[in-house]
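Hey, can you piece these two chains together into the complex? The hints should help.
These are the residues of each chain, in order.
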Amino acid sequence: MAVSAETVVDLMVQGVQMALVLVLAPLLTGVVRKVKARLLRRRGPSVLQPYRDLARLLRKEVVLAENASWLFRVIPYIVFAATWVAAALVPTFARGLVFSWAADLLVIIALLGTARFFLALAGMDIGTSFGGIGASREVMIASVAEPAMILVVFTLALVAGSTQLSTVAAHMATADVGLRVSLGLALVALIMVALAENARIPVDNPATHLELTMVHEAMVLEYSGRHLAMIELAAALKLLLYASLVVGVFLPWGMASPGAGLAAHLVGGATYVVKLAVAAFALALFETSIAKMRVFRVPDFIGAALMLGLLGTLLLFVSRSL
Amino acid sequence: MSRLLALAAETPARGHRPWPRGEVDAAGWTAAGEALAAGSFELLGLWGERDAVHMALREPQADVIAVLTLACPHGEHPSIGRMHPPAIRLERAAQDLHGLRAVGLPDRRPWLDHGRWRRDSVGEAEEASSEAAAGYPFLPVEGESLHQIPVGPVHAGIIEPGHFRFTAQGETVVRLEQRLGYVHKGVEALMVGADAARMVALAGRISGDATVAHALAAARAVEAASAAEVPARGHWLRALMAEIERVANHLGDIGAICNDAAFALMQAHCSALREQALRAAHSAFGHRMMRDCVVVGGVAAEPASGGLDAVRALVALVRARFPALVELYDETASLQDRTVGTGVVGEALVRQFAAGGFVGRASGRGFDARRDSPYPPYDALGVEVPIRAEGDVDARVWIRIREVEASLALLDRLIDELPGGPSRVAVPARGGEGMALVESFRGDVLAWVRLGAGGRVERCHLRDPSWFQWPLLEAAIEGNIVADFPLCNKSFNCSYSGHDL
Chain D
2 MAVSAETVVD LMVQGVQMAL VLVLAPLLTG VVRKVKARLL RRRGPSVLQP YRDLARLLRK
62 EVVLAENASW LFRVIPYIVF AATWVAAALV PTFARGLVFS WAADLLVIIA LLGTARFFLA
122 LAGMDIGTSF GGIGASREVM IASVAEPAMI LVVFTLALVA GSTQLSTVAA HMATADVGLR
182 VSLGLALVAL IMVALAENAR IPVDNPATHL ELTMVHEAMV LEYSGRHLAM IELAAALKLL
242 LYASLVVGVF LPWGMASPGA GLAAHLVGGA TYVVKLAVAA FALALFETSI AKMRVFRVPD
302 FIGAALMLGL LGTLLLFVSR SL
Chain Z
14 MSRLLALAAE TPARGHRPWP RGEVDAAGWT AAGEALAAGS FELLGLWGER DAVHMALREP
74 QADVIAVLTL ACPHGEHPSI GRMHPPAIRL ERAAQDLHGL RAVGLPDRRP WLDHGRWRRD
134 SVGEAEEASS EAAAGYPFLP VEGESLHQIP VGPVHAGIIE PGHFRFTAQG ETVVRLEQRL
194 GYVHKGVEAL MVGADAARMV ALAGRISGDA TVAHALAAAR AVEAASAAEV PARGHWLRAL
254 MAEIERVANH LGDIGAICND AAFALMQAHC SALREQALRA AHSAFGHRMM RDCVVVGGVA
314 AEPASGGLDA VRALVALVRA RFPALVELYD ETASLQDRTV GTGVVGEALV RQFAAGGFVG
374 RASGRGFDAR RDSPYPPYDA LGVEVPIRAE GDVDARVWIR IREVEASLAL LDRLIDELPG
434 GPSRVAVPAR GGEGMALVES FRGDVLAWVR LGAGGRVERC HLRDPSWFQW PLLEAAIEGN
494 IVADFPLCNK SFNCSYSGHD L
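Sequence lines, in order, name chains D and Z. Residue numbers for the first sequence follow the working numbering, beginning at 2 and rising by one. Residue numbers for the second sequence follow the working numbering, beginning at 14 and rising by one.
No wet-lab data here; the hints were simulated from the structure. All C-beta atoms, glycine included, are put in the ideal place defined by N, C-alpha and C. Please note that a few of the clues may not be correct.
[Unchecked claim] Far from chain D by the CB rule (all over 10 Å, computed), these chain Z residues:
#, residue
1, Val196
2, Ala274
3, Ala333
4, Arg364
5, Pro387
[Said to hold, decoys possible] Distance windows between CB atoms, simulated:
#, chain 1, residue 1, chain 2, residue 2, range
6, Z, Leu152, D, Leu65, 28 to 36 Å
7, D, Arg321, Z, Gly492, 45 to 53 Å
8, D, Met125, Z, Arg325, 55 to 63 Å
9, Z, Leu152, D, Ala283, 45 to 53 Å
10, Z, Ile171, D, Ala20, 22 to 30 Å
11, D, His210, Z, Gly148, 24 to 32 Å
[To be verified] Which bits of chain D does chain Z cover? Going by a derived footprint, with three or more residues having C-beta under 8 Å, they are:
#, segment
12, 36–49
13, 201–213
14, 294–302
If we strip away everything but chain Z, and leave its shape as in the complex, we get (with noise of 0.2 Å):
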């Protein structure tokens, strides 16, 4: 039996599906924690709630996935960041949120608070904390002739806040530190009291690109913990809408990035490609980002007349157009010269980091939601998980465009095979705890939830892949001279509204 199976077997928890969930004391807590800090566990995520704190863990050899909650009555457990940094800004988050104190986190600065909003926990409503308000110390940097550049919240281009505190030595990179937390919107506080549809409807509006893998995630969360059941046609809709979501997203960053390295020339042709594939999207499902298009129990609606259509010339367009540019890329030797061996993140700190998306998969860490942790359709169809060991800005370049790869072949499939039947079913509002981790574009997103007696959402929690992807960053540029990082940021791509919430 592994060894996660087992701490969650202590106590368990009745009715937390798919997955196990377990009451653990300090000690088996801090357990935990030691087996992250081994890597012998992988942090999926770690949130907080009045009076416990949750985390959700993988361990690889054994293929299993478990919650481990500790009550924290006096609102302190034991930091798992102190044995394991992926935890830090989540701890710094639950603290921030939910006024949850980890003992021995060696960060203890807000996180997400900026002493702007009143803290926004589950149904409580306190003054912003005067620590968050005072201003907030970036780490200290000694050295020889060190200067730093700060860059944000508010950038030259139109693009999301965070802010980027760059130490230089001339142009090389000694330390970038990040901060983020301006768009915190307060999701999850909302979702409390909710039912289920606008729940899935909020978490839609996490992040406006991944809006689909979010609601897909809520809704799978819901399902899970009513215990109700898709009917498949819905599933193959579902998956339909997420490959699109994945083509477009993946086809808008390649162009980006190389847009980034002043070659618009990619741009100009891939975002005339994204266009295309958020036209096939509205005349399918009636809404270009596909947002409200999952709901609880399968699909808004069923595709439009002409819609599936649309979809296959989209992939027939994309085949005929798509190698054409990935030549254009490898070919271009001013692009390459700035793409490879820029950014360099080791396959290390992306398994300790437990990364998710292009991120890990370009440093050698092939973990894929619809692969290893599958869900329908994917459990029927398969899916193919490239993956490529340089851990650089044009490895994160090449994963993109093998997944793009990837999901037309997918796209194919799921229209041709696609099941009869109803596409979605009533879902009955009961109480239960339910998770889900969906393959977003940029990786696994997970969602917990715990519903009330009535249907009613009781905590709901949403982690961003983008939790364990930006601290990666932060690692990334080291080193790297300044003027790479839009390029290096842009590679990865992280949320700054799915993480901050």
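Okay, chain D solo, but in the shape it has when bound (with noise of 0.2 Å):
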């Protein structure tokens, strides 16, 4: 079978996604700190100081708890490659890439589901109070969070006609959308879902030294070496998943449509990482004007976003137009 000169693009195209999105996470990170540093009158470390840290990690010997088991050992691998997976299927700079067909709003969620599950169970693989504090904790919020994502994924898809991410962003850059109040109520959940599921104030302080007080950190506590390396780039990918999530189905302007030329892609590379600027911006300002909510206020929080989702979707079915 003859591979055509378009599937060899198209399927760069799709590598370069996915490269970039491994390269970008940490680097979005480094800008999340480092703002809230500058915020907060610090100097900080440098942008790169995620890649730093990573490459020690790698370096470094792995200690494991000696009752921990083969589960405990795979489990970081699992939680990257499903996290990297999610990440390479949102679409950044280019629409319809090779692999839209599966880019699917809810095959994201459920492999970030995935990952979450692997890692609740690695928590409590070990057996420690604050790998099964974070454990449930960390279930609790997401048992919200997950049908909050679930209906915010319904409203877009009432609007666009389609789960895909591809169709829904490409639906979303037409005029024909317009301004309309359930997607309004769709952005704010999303924002909320993305701020509890990537452990953000003020649902859970990335920053904290207070092992009581973590939820994800106390889940991932006993881990170190390569295996924390892997769950601290797939934190990341997560972070840039959620970031080119909201960006690119609300703000979807700029992106290289399918078969688009080499200048089209540049653009849409250049205008993705401005948008990610952006984002990082206000999330750290967002997370400087506020102080964490107390755990049991949580569920109320992500409640509202659910709220907010379902609100959403039923404007929809009352009103096409709103």
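Spelled out as structure tokens, the structure:
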């Protein structure tokens, strides 16, 4: 079977997307940290620090608890793989990639759910109390965050007529979408879910040293060396994924359409980076201006996202134009 | 005549200044314990030595302070802790350090002794008790679906070591039990045989953040024992240091409490202000924490030239910047949501434990050694003591805020009205007994010393305010959620080192 030149180009674009998310993810984390540090009048580490941390962790020895099972050792790779695939499916700089038939929003939710399930298992595998606390808190948050996310997807699907991200993004870029109340509600709900899913303030504090207040960090407290590197990279990828999702769906302009030339792809890449930078700044600003909420208030917070998502979906049933 | 004075006057000890000390028999000792349990006395401290046990008491109604001593030739004394729980940890410590057995003490587990050191009682060296080395049984907890969370002694952040054993039902804390003593350094044993200057230097190393207050308490105790009079300028400069220390620590605490609620913005600004306070201390007294600046007889040195101006500039800076931070704290709803109603301590408990500092004042007990047991220069200055009734984390933050403001006003007056003359006097090395009560930023520090004929220390005891605040933390967290513990803990900010000695 002859492979057409078009297929090769398509595969290359998809490959570039996979590499791009992997390369950009630590940078996004680094930029958020840098902006937060500047807002606190600190100098802060270089934006490249997350790369250095990953390199350091990869070189370091893995220390395993005596009672760690094989599950504990393979989970970092499962989590990383699932998150990477999910991040590679979200449209970033171009639409209609080779694998976009698989880039369904529900698939992405399922992939992230898989990663979380295994991470929670790892937290409990060692049998320390912190792993258990972290896992139980994470699952408590996820039990509300996932339905909220699915309702956001429903709202988008009702507007765009598909849950496929590429189609959604293409539809959102057209003029006939216009300003819709339901989309506004979905955007707010999506941002709230994104904060919860990525263990950001006000749900969790990614920078804390207080083991009793941790959610995500408590779960992965026992990991070290290359295992921790995988988990950190997966966390960075997840942040990038949600940032891409927000900017890709709600600010879809500038994306290269399928079959466009190199120039269009470059423009797509540049606008993507700018959009990410804006998202990073907004996240840092928000996190600086708010305290963390009590663990038991978190379901209320994400419950609000759930209600917003539900309201968005309902509005679309009531009137197609809302 | 007050009951306390009557007890102390039965067999008064000579040369104990400024408050009386009296020898009592077992009946008198027990009577004092009953008065404590009834709430008519407050426990200021309880410490042992080789063949005696001492107890410093205050009778709030009559406003008198006295020390009672019970000779224990057989190493036994009736327990105060069985009647008055705040004494339990003190008696357990006396048991560990001096082998004194409190008869009837409900909790006989070792406290400071972890079986890691030899008993460092005054001049004694025994093997560590096998009981302590055998492991530490935590209090049993029974109930449906309870689980335990051991935290520490090594924590994820760079803080002092202490072990916290939580029993929780889901996220709700049913019981917290502390285990301390990991930073026991044997300071009191080191002081034995030292001269007064070394004793004060050692006292300044008990708890680094309150080095001025501890050194001041020790120095005042020595001066009381030697009947020395410090010149007025010495007193004023000491107070100047103590207030800078208070401002610096409170600023650091306010920021750190907010940071534990993940509101790093407050900490960034408060830390910057605290740093300015430390720099002002450095330019005035030559040391950022002002360690070794308080010495027997006065202060180590006159403030450097321009030093007082640096303190004045500090006061102006904090005055200019602090109100905006207070407003930020007060108007950040997400932060208020964390602090208001969290970690409540009731007034009854605070009174029972005679807890001082922000812990006591946030729960309605207004004791401040600067006002209620005044020492110069505060007797001339007058001190405003803020008080609140809520007893939660928020109230403890507000007490700190008000104390910073009060200290700024004090600093102004201390500089403006600073008397001239010498700032230090030579203290003759003579024997005697002395006691002092000094207000550190945490609360009242008690120092008691007995000097031998040549001015050498025979026994010195320093009681950090944390002794009566740590147990209240156990009460404060009950019914709160596990994730709120760091916030409560930071709002107490008890000293591990000062407690473990």
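Here is what the structure says about each hint:
1. Val196: holds, 19 Å
2. Ala274: Alanine 274 of chain Z not clear of chain D: closest Cβ-Cβ about 4 Å, inside 10 Å.
3. Ala333: holds, 16 Å
4. Arg364: Arginine 364 of chain Z is indeed farther than 10 Å from all Cβ atoms of chain D, at 29 Å.
5. Pro387: holds, 39 Å
6. Z:Leu152 - D:Leu65: 28 to 36 Å: holds, 33 Å
7. D:Arg321 - Z:Gly492: 45 to 53 Å: holds, 51 Å
8. D:Met125 - Z:Arg325: 55 to 63 Å: holds, 58 Å
9. Z:Leu152 - D:Ala283: 45 to 53 Å: Given range 45 to 53 Å: holds, Cβ gap about 49 Å.
10. Z:Ile171 - D:Ala20: 22 to 30 Å: Roughly 38 Å apart at Cβ, these two residues miss the hinted range, so it is violated.
11. D:His210 - Z:Gly148: 24 to 32 Å: Between histidine 210 of chain D and glycine 148 of chain Z, where Cβ atoms are some 29 Å apart, the hint holds.
12. 36–49: Coverage by chain Z holds here, the residue count being 5 at a Cβ distance below 8 Å.
13. 201–213: holds (count 9)
14. 294–302: holds (count 5)
In summary, the structure is inconsistent with hints 2 and 10 from the numbered list given earlier, while agreeing with the others.
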